[in-house]
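Chemist: These two chains come separately, so use the hints to put the complex back together.
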Amino acid sequence: KAGVTQTPRYLIKTRGQQVTLSCSPISGHRSVSWYQQTPGQGLQFLFEYFSETQRNKGNFPGRFSGRQFSNSRSEMNVSTLELGDSALYLCASRRGENTEAFFGQGTRLTVV
Amino acid sequence: GENVEQHPSTLSVQEGDSAVIKCTYSDSASNYFPWYKQELGKRPQLIIDIRSNVGEKKDQRIAVTLNKTAKHFSLHITETQPEDSAVYFCAAYQSWAGNKLTFGGGTRVLVKP
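From first to last, the protein sequence lines are chains A and S. Residue 1 is where the first sequence starts when you use my numbering, and the numbers rise one by one after that. Residue 1 is where the second sequence starts when you use my numbering, and the numbers rise one by one after that.
Just so you know, the hints here were simulated from the structure itself, not pulled from any lab data. You can take every hint at face value.
Stretches of chain S that chain A covers, calculated by requiring three or more beta carbons in the stretch to come under 8 Å of a beta carbon on chain A:
| no. | segment |
| --- | --- |
| 1 | 21 to 35 |
| 2 | 42 to 55 |
| 3 | 102 to 108 |
By construction, the Cβ of each residue, glycine as well, lies at the ideal position given by its N, Cα and C atoms.
Extracted from the complex, chain S is given alone in its bound form (with noise of 0.2 Å):
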């Protein structure tokens, strides 16, 4: 089945300064790549997310990246603020195993002021 490995685990930055999570994946059937943001006490909300005929995605301060043939994709957070702190998911779906959408292990982002 998919495995989704995400790194760093945890990731300090100061304000202002850019963060980047990046993902692996190894079934190279996945063909859909979403990014989640869960803050303290809530819901996983999707911030961005990212097809696989598509090389870059960009939302604002957000963008993600995808390289196929190397089986990985990124998040790109530029200009980081407070209210970014919180814990960031990666996931890769595979349609053909059943529609599961596997997740990465989570990325524990602290903005300082």
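Chain A with its partners taken away, still in its complex shape (with noise of 0.2 Å):
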């Protein structure tokens, strides 16, 4: 059975810029999250698609934005890259409520 898989590994990218990462959960999968992850900081909640519907969002700006296919696979948007938005994106998947969650190996982001 595959696991959760996160297109690229690696971006660089250039302030202004914007930026697209996916994401394809585990089959069966309907709730995807996806998290942000910086040395100091810890695991930040983006945000929880399920089945096509955002169903929380945390506490980041405009900026960032995702959505969800009706095949349950999803992506996040970044708009006008800022230096401080170089971090590894991580998303996770859960086959539904109470029950573990299923990390990709994340996309590590750069921004110049």
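Modeler: The structure is reproduced here in structure tokens:
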């Protein structure tokens, strides 16, 4: 059974650009969450999608957005990139409530 | 919203000793508490979890305890080994709040041989 797949693994972008990250959940998982991980801030919740609907959103500016497609694949977009957006972006999928969240390997974004 | 605090932020133990990490949560409606281990350069992986109707759960050298009244839960690792060195995250799940999983700040554990 394939795990959670994130693409690309690495990205280097310039300030002001925008970026789109992709996450393919485990087959049968309808919930996808996104997290930002930085050395000093741990795992910060960005948003969660279930059946193409955003159910929850963390405390991030509107430059961070996402969506989920009918096949449960999810994308997140960051516009007008800032240096502080440099981080590891992790997505996790779950089968349902109160179940294990499986993480992808992450996309490491570097903004220069 | 939910707030999860985790202590200590770093923990150094001698091989064979025990390690204990504690987390507190603020929302009494939280009902699922997983622990994740993240080795350097790798993704977080679930090592143990506990639900609110259970007070303790054990899996070989790892155990988790939950005190719902005090709103805290702890991870216990016995007979630590060098491969236990990693960052450990606790989390609390609120099904009512849009199924949000809130993580603690993490504990970097170093097991010295």
